[in-house]
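Below are the chains, spelled out letter by letter.
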Amino acid sequence: MFTRTRQGRRTAAGIAAAVAAIIVLAGCSSSAPTSAGGSAPTGKAVKIFMAPKFTGLAYFEVARKGGEAAAKDEGFTFSYIGSDQPTATDQISTLTNAIPQKPSALVVSAIDGNAVAPALKQARAAGIKVVTYDADSAIDARDLFVNQLDYTLAAKTMLDAALLNSPDGGLVAFISASPTAVNHTAHVKIMKHLIDTDAKYSKFKYVDTVQFAGDDAQKSQDIALNLIQANPTLKVIISSSAVSAPAAEQAIVNAGLQARVSATGFALPSSVKDFIKNGDSKAFALWDPTELGYVATAAAYQLATGKITAKEGQVVDAGKHGKYTVGKDGEVDYNKPLIFTKDNIDKYSF
Amino acid sequence: MSNPTAVTRRRLSLGGSTSALRVRFLGVVIFLAILVIAFSLLSPQFFTLGNGRSVLFTAAILAIAAAGQSLVVLTGNLDLSVGSIMGLTAYVVFDLAGKNAALQPFVVILALAIGALLGFINGVFVTVLQIPSIVATLGTLSIYRGFVSVYANAKEVTSGTLPPWMRALATQVWLGLPSYVWISAVIIAIVAVALTRLPWGRKIYAYGSNPKAARFYGLSSTRIVIGAYVGAGMIAAIAGLLLGAQVGNINSLLANGIELQVLAAVVIGGVSIWGGSGSVIGAAIGAVVLATINNGLVLLEVQEFYRLLIQGAAIIAAVWVDAIVQRRVIGSGTRRRIMEVES
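Those sequence lines, one after another, are chains C and W.
All you need for our numbering is the position in the first sequence, starting with 1, plus 1096.
All you need for our numbering is the position in the second sequence, starting with 1, plus 26.
Hints were generated in silico from the structure; no laboratory data involved.
Possibly wrong hints are sitting among the right ones.
Some, not all, of what chain W presents toward chain C, calculated at C-beta under 8 Å [what the hints assert, rightly or not]: (1) Asn77; (2) Ala139; (3) Asn320.
As a list, the in silico DSS-like pairs of lysine-lysine whose alpha-carbon atoms are at most 27 Å apart [stated by the list, open to error]: (4) C:Lys1419 to C:Lys1438; (5) C:Lys1161 to W:Lys125; (6) W:Lys238 to C:Lys1378; (7) W:Lys125 to C:Lys1373; (8) C:Lys1168 to C:Lys1373; (9) C:Lys1419 to C:Lys1369; (10) C:Lys1285 to C:Lys1299; (11) C:Lys1419 to C:Lys1168; (12) C:Lys1369 to C:Lys1424; (13) W:Lys181 to C:Lys1161; (14) C:Lys1378 to C:Lys1424; (15) C:Lys1140 to C:Lys1217; (16) C:Lys1378 to C:Lys1403; (17) C:Lys1331 to C:Lys1373; (18) C:Lys1301 to C:Lys1424; (19) C:Lys1432 to C:Lys1373; (20) C:Lys1168 to W:Lys181; (21) C:Lys1378 to C:Lys1285; (22) W:Lys238 to C:Lys1369; (23) W:Lys181 to C:Lys1443; (24) C:Lys1288 to C:Lys1140; (25) C:Lys1161 to C:Lys1443; (26) C:Lys1252 to C:Lys1217; (27) C:Lys1443 to W:Lys125; (28) C:Lys1403 to C:Lys1161; (29) C:Lys1432 to C:Lys1378; (30) C:Lys1438 to W:Lys181; (31) C:Lys1369 to W:Lys181; (32) C:Lys1252 to C:Lys1378; (33) W:Lys125 to C:Lys1438; (34) C:Lys1373 to W:Lys181; (35) C:Lys1432 to W:Lys181.
Beta carbons are placed, not taken as given, at the ideal position from N, Cα and C, and that holds for glycine.
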């Protein structure tokens, strides 16, 4: 902790005066409670930045509310940073620019797990704690990963939703964001494995080639239509992307094919309410992004204040939102899947 | 062969309508035919009625946007802000119409007004402020997208709030083809006629093929270029509106990055990036080429990494095929025409 502050000052000396002044100011504010209490900073001196994959997506906005709620409960400073462009390059520059502002911790949804790893490592080298949520980075680039659903549970949840859509099974196809989206890739791999090995899902067959739509609605629709053309017996399109899953269902509805094929996967209930109420799709799945944002931000706060050190077996205490144990490789599983159907979708406001 | 063409070209040098234009997109037609034959041989699903419909549907919006882009490219400029205009228009119009049901019948007029305004701003930057179009529209690409990001505040316009008639339109099938294909065809036909028959369009060709000469003959470059941008903006706005209704859940990123596909369609379609030559019909076929490639590669289960390679190669191949066709068919004619204009 002390070394971190001194290092920061040494760096600051080399930079332009204006920037240096800001950093020294930040350094002062964070060192005040340190000298007083003799331990890590708490309360307002803790500054946590949340960086979604990109801004402008409703899903991340909902998670942001959780982060803000955690900041209010614990009394720390919270900022939401990011670019509105869904590219790794933009996220890297967001993260790189965040480092000189000396946040205590970053809460990041990695758009490309490997591409942003060097920036995150740089942040950690500067003494900033790094928590990933929603989408993980390379393991050694962060302290903790708050996983909404462990990958197997995520895969099972989506396949369960697919079974609700197509109880007799049949051919499924996958749309992911990109080949470098760590969680999407893992979900698909496990879904394929489950279909191959688990009796519950053995009614399914799958199209081996995964399609990538980069969280773009139009591209998702074009791909959905092309998949239906390519596979006349296709029953379900599954996507981990909260953009692609509803967009694919919309494409199916537009083409009047909802009796033959349906889409499912992860989606905000607000974006699939119409489909589910009209019976176009029987089920979509997700988790509560607000609570996920809360847990991830609370975990970041506890890291920053030294309450936990990301060691296996430690417990992240998210107050009324529960306690979560740190697992292998610094993974914290939130693990509360939600499946939205006609009967419950009105309960959810996000 | 070259002599009669040259004569025709000379006679119609200002309007540039008939035979010269027909060969202008012969290249892309031949390239499309090659693609169709190749995919038909490789995939049994490709050459079916349903798949053809699907390809045309996925090409429809791109073709409309490409028609708008052609107007600007014909003047020797670019409009990189096309995707941002589409996204901004779709979000703002559907957001307003969702909050105020009285606006629902007027979404098209609203969209055209917004598109005209955004196009006008582009045109003013390029002409009055003399900023090179690639720079000016690179700027407005960000500005327009930034505006919609701020306006949307990370919210979505959800499908339930769209005007029901727009939603219905997206799903309708007329005479065996999706409504969007017909709408696209009508818009392209209107633009094609306006370009070749109206003075507004003829001036765009004249200015694009030789801005200096056009000015010498008293044509106002400012008015022509702004006119092209306004037209392109309005067409992009309609494309955005249709895309919004098709996608259903609209966020501030709608049509983000589509400008490169639109430009690719225009270039594949044989519209000269230097201005003055090419046709909207070619650009529309260029859009069909891109949609065909996307469709064929999914049908063949090509991995993502190869797909990017193939798409890029296809763009270059299409332009190359076009160049060969141009040289064979109107080769000497074009050269002679250029010499005439320059002398």
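Here's how the hints hold up against the structure:
no.	hint	result
1	Asn77	holds (4 Å)
2	Ala139	violated (24 Å)
3	Asn320	holds (6 Å)
4	C:Lys1419 to C:Lys1438	violated (31 Å)
5	C:Lys1161 to W:Lys125	holds (24 Å)
6	W:Lys238 to C:Lys1378	violated (63 Å)
7	W:Lys125 to C:Lys1373	holds (22 Å)
8	C:Lys1168 to C:Lys1373	violated (36 Å)
9	C:Lys1419 to C:Lys1369	violated (31 Å)
10	C:Lys1285 to C:Lys1299	holds (17 Å)
11	C:Lys1419 to C:Lys1168	holds (18 Å)
12	C:Lys1369 to C:Lys1424	violated (37 Å)
13	W:Lys181 to C:Lys1161	holds (13 Å)
14	C:Lys1378 to C:Lys1424	violated (35 Å)
15	C:Lys1140 to C:Lys1217	holds (25 Å)
16	C:Lys1378 to C:Lys1403	violated (44 Å)
17	C:Lys1331 to C:Lys1373	holds (20 Å)
18	C:Lys1301 to C:Lys1424	violated (32 Å)
19	C:Lys1432 to C:Lys1373	holds (23 Å)
20	C:Lys1168 to W:Lys181	holds (22 Å)
21	C:Lys1378 to C:Lys1285	holds (24 Å)
22	W:Lys238 to C:Lys1369	violated (58 Å)
23	W:Lys181 to C:Lys1443	holds (19 Å)
24	C:Lys1288 to C:Lys1140	violated (47 Å)
25	C:Lys1161 to C:Lys1443	holds (18 Å)
26	C:Lys1252 to C:Lys1217	violated (32 Å)
27	C:Lys1443 to W:Lys125	holds (23 Å)
28	C:Lys1403 to C:Lys1161	holds (23 Å)
29	C:Lys1432 to C:Lys1378	holds (20 Å)
30	C:Lys1438 to W:Lys181	holds (24 Å)
31	C:Lys1369 to W:Lys181	holds (16 Å)
32	C:Lys1252 to C:Lys1378	holds (16 Å)
33	W:Lys125 to C:Lys1438	holds (26 Å)
34	C:Lys1373 to W:Lys181	holds (22 Å)
35	C:Lys1432 to W:Lys181	holds (24 Å)
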